[in-house]
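Enquirer: Line by line, the protein sequences are chains C and L.
The end of the first sequence is residue 218 by full-length UniProt numbering, with every number in the run present.
The end of the second sequence is residue 218 by full-length UniProt numbering, with every number in the run present.
By construction, these hints were calculated from the structure, which means they are not laboratory data.
Every residue, glycine too, gets a C-beta built ideally from N, C-alpha and C.
Heads up, some of the hints might be wrong.
Output of the computed footprint for chain C on chain L, the stretches with three or more beta carbons under 8 Å from beta carbons of chain C [as the list claims (entries may be wrong)]:
{"hint": "1", "stretch": "5-11"}
{"hint": "2", "stretch": "14-24"}
{"hint": "3", "stretch": "86-94"}
{"hint": "4", "stretch": "112-125"}
{"hint": "5", "stretch": "166-175"}
{"hint": "6", "stretch": "189-200"}
{"hint": "7", "stretch": "209-215"}
2 protein chains.
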Amino acid sequence: MSHPIITDLEKRYTTKNYDATQRIPTADLEVIYEALRLSASSINSQPWKFVVIESDEAKQRFHDSFVNKHQFNQKHAKAASHIILFAHKTHYKRDDYAKVVDKGIEDGRTAPADRESAFGGFAFAELNTKADGNTEAWTKAQTYLALGNLLHTLARLGIDSTPLEGVDPEMLSELFKDELAGYKCEVGLAMGYRHQEEDYNATIPKSRLAREQILTVL
Amino acid sequence: MSHPIITDLEKRYTTKNYDATQRIPTADLEVIYEALRLSASSINSQPWKFVVIESDEAKQRFHDSFVNKHQFNQKHAKAASHIILFAHKTHYKRDDYAKVVDKGIEDGRTAPADRESAFGGFAFAELNTKADGNTEAWTKAQTYLALGNLLHTLARLGIDSTPLEGVDPEMLSELFKDELAGYKCEVGLAMGYRHQEEDYNATIPKSRLAREQILTVL
């Protein structure tokens with residue numbers, strides 16, 4: 001199939017080795033941050049924090065978070081241009097949704113007089129809240145929407161990337177305590193440019209299950 | 001910010017009323033299906049089934065699935081051009097990954113002699129498997145990657161859409177028993193074209209939290 005969207009998606013792949021000398025230009029970073037911000041989420045809940053690791057100091061901290069597990073991903077901490085931690089709120093509450101409602105008023109989406117009725121959507125958050133107040137199954141899923149959106153965005157920008165479920169949530173919550181502010185990070189994304197000689201995954205064919213194995217039209 | 005990616009993401013929104021007379025052209029459907037197939041997933045697990053509701057018969061079944069709950073979404077069943085059910089495998093096993101490995105061999109990604117070592121990534125699935133064999137927290141998240149990718153794809157195609165967490169997994173598992181084949185659907189996506197007069201959400205401003213509320217650069 002020949003289509004610009006398919007061309008973009010066919011060329012993206014999981015980078016296994018980065019060229020540590022290359023950095024993402026500022027203009028592209030601005031697109032990345034805005035694309036993340038514009039990501040869709042259930043009831044527009046936006047139950048996330050994105051922590052971008054850019055400085056050498058932050059990269060050292062991310063590097064150190066691999067002390068206990070997933071060491072195969074540690075090399076990306078310093079070789080990738082940037083890493084984004086995708087963190088979700090584990091206990092999403094009415095106060096969190098109030099920020100969304102009030103931003104809606106500020107943006108002219110909701111009339112101030114309709115503030116109370118704008119909380120109607122929050123019933124959906126309640127449906128996804130366990131007896132102990134935990135909303136993780138729901139809020140974590142939303143961060144994957146943002147991640148899927150960003151992977152597509154990066155493909156369009158010609159920037160390489162590596163989704164990192166192989167991170168250590170406990171170590172991250174210690175080493176990035178202030179920045180995560182209680183949000184939980186179970187997935188990250190390394191971004192940058194592939195190493196031209198040392199990325200075996202850049203040259204072998206992409207593989208996906210056949211359409212008939214995963215999709216049915218009724 | 002002026003950038004084609006941002007323009008696409010700013011124009012997409014959650015459609016609240018569809019024009020029932022418009023249908024997505026076949027060429028666009030082909031792009032949609034291929035974009036879904038190419039979606040990224042952890043260890044390339046692809047733990048999903050996409051059931052596309054296109055015929056009147058299937059739309060009636062989807063319509064009927066709202067008998068118990070989320071009736072506000074029922075109208076999309078017949079007015080949207082197509083609905084996709086995103087279903088995940090609740091108990092992802094080595095046999096499932098074997099299909100991925102064998103397709104990798106077929107696609108020339110893995111040499112036949114390396115078949116056994118290609119199962120190395122499955123350790124990651126095991127890490128995400130609970131004592132009772134349940135992998136839902138992990139596999140469901142992957143379907144949101146595909147959904148995030150598809151929302152971006154549809155924005156580029158100029159096709160409107162509505163994510164539907166408001167579906168009834170139990171009724172769907174009954175009414176689409178054969179097609180879901182034991183996979184669980186907790187989210188769908190309606191797609192089509194907005195009703196030009198009756199979609200209030202098409203004309204009010206999009207709203208998102210400010211960048212400083214959700215993103216930190218270290």
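Enquirer: Tell me the numbers of any earlier hints that the structure contravenes, in ascending order.
Expert: 2, 3, 4, 5 and 6
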